[in-house]
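K.L.:
Order-wise, the sequence lines are chains Z and L.
Numbering of the first sequence is given in my numbering, commencing with residue -8 and proceeding in unit increments.
Numbering of the second sequence is given in my numbering, commencing with residue 2 and proceeding in unit increments.
No lab work stands behind these hints, which were simulated from the structure alone.
Fair warning: this is a prediction, and the values are worked out from it, not measured in the lab.
Watch out, some of these pointers could steer you wrong.
Each computed DSS-like pair below joins lysine-lysine, with the alpha-carbon atoms no more than 30 Å apart [as the list claims (entries may be wrong)]:
id, chain 1, residue 1, chain 2, residue 2
1, Z, Lys566, Z, Lys555
2, Z, Lys199, Z, Lys54
3, Z, Lys54, Z, Lys(-5)
4, Z, Lys368, Z, Lys165
5, Z, Lys20, L, Lys433
6, L, Lys323, L, Lys402
7, Z, Lys561, Z, Lys446
8, L, Lys433, Z, Lys19
9, Z, Lys165, Z, Lys566
10, Z, Lys165, L, Lys433
11, Z, Lys446, Z, Lys566
12, Z, Lys561, Z, Lys368
13, L, Lys433, Z, Lys607
14, Z, Lys368, Z, Lys566
15, Z, Lys595, L, Lys433
To give an idea of the chain L side of the interface with chain Z (calculated C-beta under 10 Å), a few residues [to be verified]:
id, residue
16, Glu158
17, Met161
18, Ala170
19, Met173
20, Val210
21, Phe211
22, Phe229
23, His230
24, Trp232
25, Leu282
26, Ala288
27, Pro470
Even glycine gets a Cβ: it sits at the ideal position worked out from N, Cα and C.
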Amino acid sequence: MPEKIHSLYIWIVLAPLFGAIIAGLFGKKIGRSGAHWVTILGVAVSCIMSLIVFKYMVLDGGKPFNGTVYTWLVSDGIRFEVGFMVDKLTAMMMAVVTFVSLMVHIYTIGYMHEDPGYQRFFSYISLFTFSMLMLVMSNNFMQLFFGWEAVGVVSYLLIGFWYNRDTAIYANLKAFLVNRVGDFGFLLGIGAVLMYFGSLDYATVFAKTGEVSGKTMEIIPGNQWSVMTVICILLFIGAMGKSAQVPLHVWLPDSMEGPTPISALIHAATMVTAGIFMVARMSPLFELSETALSFVLVIGSITALFMGLLGLVQNDIKRVVAYSTLSQLGYMTVALGVSAYAAGIFHLMTHAFFKALLFLGAGSVIIAMHHEQDMRKMGGLRKYMPITWITSLIGSLALIGTPGFAGFFSKDSIIMAVGESVIPGSGFAYFAVLLGVFITALYSFRMYFLVFHGKERMDEHTRSHLHETPWVVTVPLIMLAVPSVIIGFIFVGDMALGNFFAGAITVLPEHDVLAKVAAKTHGAVGMLLHVPASAPFWLAAAGVGTAWFFYMKRPDIPAMIQQKLSFVHKVLDNKYYADRFNEIVFAGGSRLLGRFLWQRGDVKLIDGLVINGTAKSVALFSGFVRHVQSGYLYHYAFAMIIGLLLLLGLFVLPLKN
Amino acid sequence: MKYELPNIALATPEITLLCLACLILVVDLFVKQENRVVTYTLSLLSLAVLFVLTLTSFTQKTGFAFNNTFVRDAMGDVLKLGVYLAIFMVFIYSKDYLRQRDIFKGEFYVLGLFGVLGMMVLISAHNFLTLYMGLELLSLSLYAMVAMQRDSVNASESAMKYFILGAIASGMLLYGMSMIYGVTGSLDLAQISTKAAAAAAASNKMIFVFGMVFLIVGVAFKLGAVPFHMWVPDVYHGAPTSVTVYIASAPKIAAFAMLMRLLVDGLISLQGQWQSILIILAISSMAVGNIIAIAQMNLKRMLAYSAISHIGFLMLGVLTGKESGFAASMFYALAYALMSLGGFGMIILLSRRGFEADNLNDYKGLNERSPWFALMMLILMFSMAGVPPFLGFWAKLSVLKEVVSSGGLIWLAILSVVFSIIGAFYYLRIIKLMYFDQPENTQPVEADLDMRLAISTNSLAVLGLGLFPGALMALCLAAITA
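Sequences and hints are given; from them, build the entire structure.
P.N.:
This is the structure in structure tokens:
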């Protein structure tokens, strides 16, 4: 029943919204269990329907859908609408978003059960699910922007969920401000699209790319810039903010101040990948600008390599995973840069599962450790928490790209695609992603060994209370561990190397690196057979070995290295001084500018002249009229007569019979 | 002279209402005070009957009856439906208010229904006499309603002012009618229209313009446009709030119809002249209304000035002289009636025996006392200020669009926007008081279920029609062009 399925879309979006509204507005009335039941029900409905849509689109080869649900307004021929575009790309995103969201909802019952803001939390995460679905299912730029901002708002609310902590408030403000920078670019990009294409509708815009691709614009006199390049770079700046690419990455590590389920759902699996999704969705535009693609590639490779390095020196368990997320987002961006959109999206999907798993695993450890996050105070947790241990191991193995696990297929596709690419910057990118493999393995297993093996470094009180977390926590771990293992093997042949996304993603023949990769590898089995001869495998193995040697065998070595290379350590520990730089240059600079504008512009000019001037004239005028409104009847009648005479004088006298 | 049986069927709603109102008057005599709710229920039922009658006989075809003194057309029907709905809400809102002040009597409902009859006749008038009759029936009912609270000094004073000023305005209207009758020899709007066109073509229109100025003064008084607005703040403030909500809602719809009948049906060929007059009235109404409202500390007075400014906006559409402009104004009139109902309804909701809740300070911290009703009030205030996506935004947008597209009047549109920005201040101040200030009394808001349902429906309608404005707009346009 292909037509009937289209009526599902609106309910997929609305079900979580209803849950959010009920839990948010009537949270007190329905109680704690009422709040989690209603939101979980909403997301579960959404998830099941998304899976149905996924089955229809992918297995049954359904036709893509593009239609408008509601026209908000038509102004000057531009339609502002709410509509859905559902094709394989969307169907995959919907399935991933709702599935991970459902797991996180269930997990939250265990993680937040003592928190006074329980209902509020459920309301927010359901609202997030709604916003994210609006974003991925959109068929136009306006709704995309709505979803983009809505997920930003929810992310802001959730980073500062514990609003009486200063660090949380600081972190959410920072996330908000940094995203503003990205969103400014994004909004300008949408504005440019509107200006040159005259429409906000994806289909209309993509159909017109041929007309616009040759055009140039002159922003700085004497410099002709390709319109397509400007649009793509502006849109990508938006993606840099949301997907935390250098130099707009600074908010993501701090976002770990939010509760862990949020880190898993928003700051690892879904929202931060919105930028990747958006660029893939806009592939018909990006394909037409090699400059923009190079820009994307270079930014991505810097992020992939340098953010991974920072993961090596973190001691907070969540921050290690956060930097790993940054680095993996870099990988996805690199894939976009070399036009291997499908590989990027594929990595997005596998990453969503194993990174959500790692975060939730870290959260499980944190629950058991009574909200202690410092890895130096953990160790040997393996025997106390067997399920968390085994699922975290699976997550780590998937992350570093162990052959057979999900991450292996997606990451290797990206690396091979970069190797095939010839666009400017691909040489550097290849080096970055290869070295990144070693680093990923090193920090992942550093974390793994520090937490689950070795000496038990926690205090006696904590140790005596250590036990496995309840089933609402472990079941989502298991449910996420399954796709982390198998999903790569199942889908790599179609998604990354086949033409799964044909129609949804556009790749010009001369950029089609994935086709070349596919020609060499022959599917999932081919990739596995190729393992012994591939560099990434040996690099990953070397990373794991190094981690084992440093943190299990000779724990004195890391300290020694730290002393010997104290300068490097200091740079890494201070995150390349990016925060310090922002604080001094941008924050300080804006404050200086603000003070100038406040004292000169606002106080003197606006307040002094415009505002007070207006207020004074209004006061004068109203004083006069209030005088006339005296309450005396004859004054009122007199005013009417005056009015009448005035009108007669103005309109009758000039007429001549 | 041949006597034709008039086509009574066209006036079925009016005749039914007359019978029902008389019936209720009689029934009320036999109802004991503690059972007064019977009168209330019967009145609501009558309005429901009228609604069904008008809706089922709704037709796009224009029909005349009673020697062409009465017209039944789509515009009239839509406006009448608006009037029924508005008065239905008014009756629900005022029940508890009247009861708490011991003026829960049959008079309110009977007078109210006769007022509705007046409005219906006014809306359907196709002759100066019918028009005048409808107007007076409405006005006399209103005067009496304002004076109903006999032991209140404020109410008696404002009733007296309203009555005398209303009499002056009626006199001017009649004078204008007599002048036009003098030149045309007819009271029929269609014939006047033909004669006026001929006179305008021969540029022999001085008497027409002279009479027209008087007519416009009469309408402007009813609408409350500056400088014929002086009664508005005093009457809105002095009357019991249950009567204020009556005066502030449906009669504006009827006054819009009166403006349309006189200027469009009767004197469209003088559009050049009346456009300039309406521009002057509109600008001065928007200016005075918005600026003086800022200085008010009494919510009823503030809403009175807000009403004056909204009337200025309403006239913007009519003065373009285009059908789409009339439709925009009609949309504005209906939208304004709905918002105004909600605004005064909130005052009634928060008031109790001996406490009128009409001071701005009474709204401090409403959010803590009742988050839901604070939200409802927020919707209404945002809508009146013209913030998207609420209904008031579309009303403003549609009239402004018409002004802009009629060419040469862009300055007027800009001026209007400036005034509406000034106006936003006092609406937003209420929101600030509700959400950011500490409450002065912490009594929870209590009201009967019907009241709470009605006010919530009212506000949610403002939101809902704002999200889906297309249907109502299309209805207005269809009604005007039919």
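K.L.:
Given L:Phe229 as an interface hint, is the shortest Cβ-Cβ distance to chain Z below 10 Å?
P.N.:
L:Phe229 check passes; min Cβ-Cβ to chain Z is 5 Å, inside 10 Å.
K.L.:
So, as I understand it, the hint says L:Glu158 touches chain Z; can you test that by seeing if any CB pair is closer than 10 Å?
P.N.:
The hint holds - L:Glu158 has a Cβ within 10 Å of chain Z, the shortest such distance being about 8 Å.
K.L.:
Can you confirm whether the C-alpha distance between Z:Lys20 and L:Lys433 stays at or below 30 Å?
P.N.:
Distance ~27 Å between Z:Lys20 and L:Lys433 Cα, so the pair holds.
K.L.:
Does the nearest C-beta of chain Z fall within a distance shorter than 10 Å of the C-beta of L:Pro470?
P.N.:
Because about 9 Å separates L:Pro470 from the closest Cβ in chain Z, which is inside the 10 Å limit, the hint holds.
K.L.:
Would the hint linking Z:Lys199 and Z:Lys54 be met if the CA-CA limit is 30 Å?
P.N.:
holds (22 Å)
K.L.:
If you take the shortest Cβ to Cβ gap from L:Ala170 to chain Z, is it below 10 Å?
P.N.:
Cβ of L:Ala170 sits 7 Å from chain Z, so the hint holds.
K.L.:
Taking 10 Å as the limit, does the beta-carbon of L:Val210 come near enough to a beta-carbon in chain Z?
P.N.:
holds (5 Å)
K.L.:
For the hint on L:Met161, just tell me whether its beta-carbon gets within less than 10 Å of chain Z.
P.N.:
Status holds, d = 8 Å.
K.L.:
So if I understand the rule, the pair passes when the alpha-carbon distance is 30 Å or less; does Z:Lys165 with Z:Lys566 pass?
P.N.:
holds (16 Å)
K.L.:
With 10 Å as the cut and Cβ atoms as the points, is L:Trp232 at the interface with chain Z?
P.N.:
Since chain Z brings a Cβ to about 7 Å from L:Trp232, closer than 10 Å, the hint holds.
K.L.:
Going by Cβ atoms only, is L:Ala288 closer than 10 Å to chain Z?
P.N.:
Holds: closest Cβ of chain Z sits about 8 Å from L:Ala288, inside 10 Å.
K.L.:
May I ask you to test the interface hint for L:Met173 with respect to chain Z, counting a Cβ-Cβ separation under 10 Å as satisfied?
P.N.:
Hint holds; L:Met173 Cβ to chain Z Cβ min 7 Å, cut 10 Å.
Every hint, counting from the list given before, is met by this structure.
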